[in-house]
Amino acid sequence: MPTAVFVGLCTLDVFHALPTPLGANEKARAHWQYLATGGPAANAAVIAAALSHKTFFLTALGDHPLAEIVRADLSGHGVAIIDTIEDSGTPPPPISLIRLATDTGERSVSSLNDGALGTYVPAELPTDARDILLGADGVLFDGYFDGLARAALDVIPDSARVVLDVGSHKEIYRELAPRADIAAASAEATIPGADDPAAGLLALGAHCAVTTAGADEIRVVHSDCAETVTPPSVDAVDTLGAGDAFHGALLAALIARPDWDDVAAVDFAARVASHRTTILGPRAWLDTLTPLLGELRS
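What the sequence shown shows, in UniProt numbering, is residues 1 to 298, in sequence order.
Just so you know, the hints here were simulated from the structure itself, not pulled from any lab data.
Being a predicted model, the structure only gives us computed values, none of them experimental.
Treat the hints with caution; some may be incorrect.
Stated by the list, open to error - DMTMM-like mimics (lysine to aspartate or glutamate), calculated; alpha carbons at most 20 Å apart, straight line:
(1) 54 / 287
(2) 170 / 188
(3) 170 / 196
(4) 54 / 171
Given only the sequences and the hints, what does the whole structure look like? Please build it.
Structure follows, in structure tokens:
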């Protein structure tokens, strides 16, 4: 079983679903609510675990009572947490507030992101974290907790496949991109000094740059060529976490199917992400991945 390690942020996400977005000063009764772990690396880790990878999540979580909800959710979905914080009395994990408009699949999100927990990350990795990273077949970075990312980068073996999940710009990308087999970003992402995010990521040193645009074509760009992948057409009811699903499935494909090229891995990830949008909620869809899972075992 391949070993995947995800390095970065986890949040505690509070979901409400309503048919349409709320307007200014409007109140409405939600028709659905849910509480789950969020964050780019955390959600991607859940996907890799669902795709039958041995999955570890390296993060800064702490001992606040709300952190226990995160631990229970991730461990219940096959993700082993490596919490680098050794101090007690830590603040809560960041809380994200999410509203889903089920008529359109659109959502709105507000969060503190890495909040105050980054100050608790130790300068050196715990021994168990180093050992797991040394045995990793693949690693995903989301760029949060830059000290943690930098320490992990120094440990991972040369053989490990690396995915960089590019969100809002972070200076640590300059250090992570040269090690990335694939750096994946939204087509609307901003890379300083570049008009095109794919070109910007290649300039930072990524081997391959991938840009996604929702249901539209995905670009797969290398220094000498560019190709496109068309996601399946689906009736989306919940787009939240589709990008995280894409990134988790992408790393899973890279390490489970070394016979696939980058385009084939991106195509697989696109189909996983599209499928995620067809089912309401961040976890209910995981039990429906069996047909796609079979492709990683071929």
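Hint by hint, here is what the structure shows:
Straight-line distance between C-alpha atoms of residue 54 and residue 287 comes to about 17 Å, which keeps the hinted pair within the 20 Å bound. The straight-line distance between the Cα atoms of residue 170 and residue 188 is roughly 15 Å, inside the 20 Å bound, and the hint therefore holds. Taking the CA atoms of residue 170 and residue 196, the gap is near 17 Å; set against the 20 Å cutoff, the hint holds. For a cut-off of 20 Å, the pair hint linking residue 54 to residue 171 is broken: about 30 Å separates their Cα positions.
Hint 4 alone, counting from the list given before, is not met by this structure.
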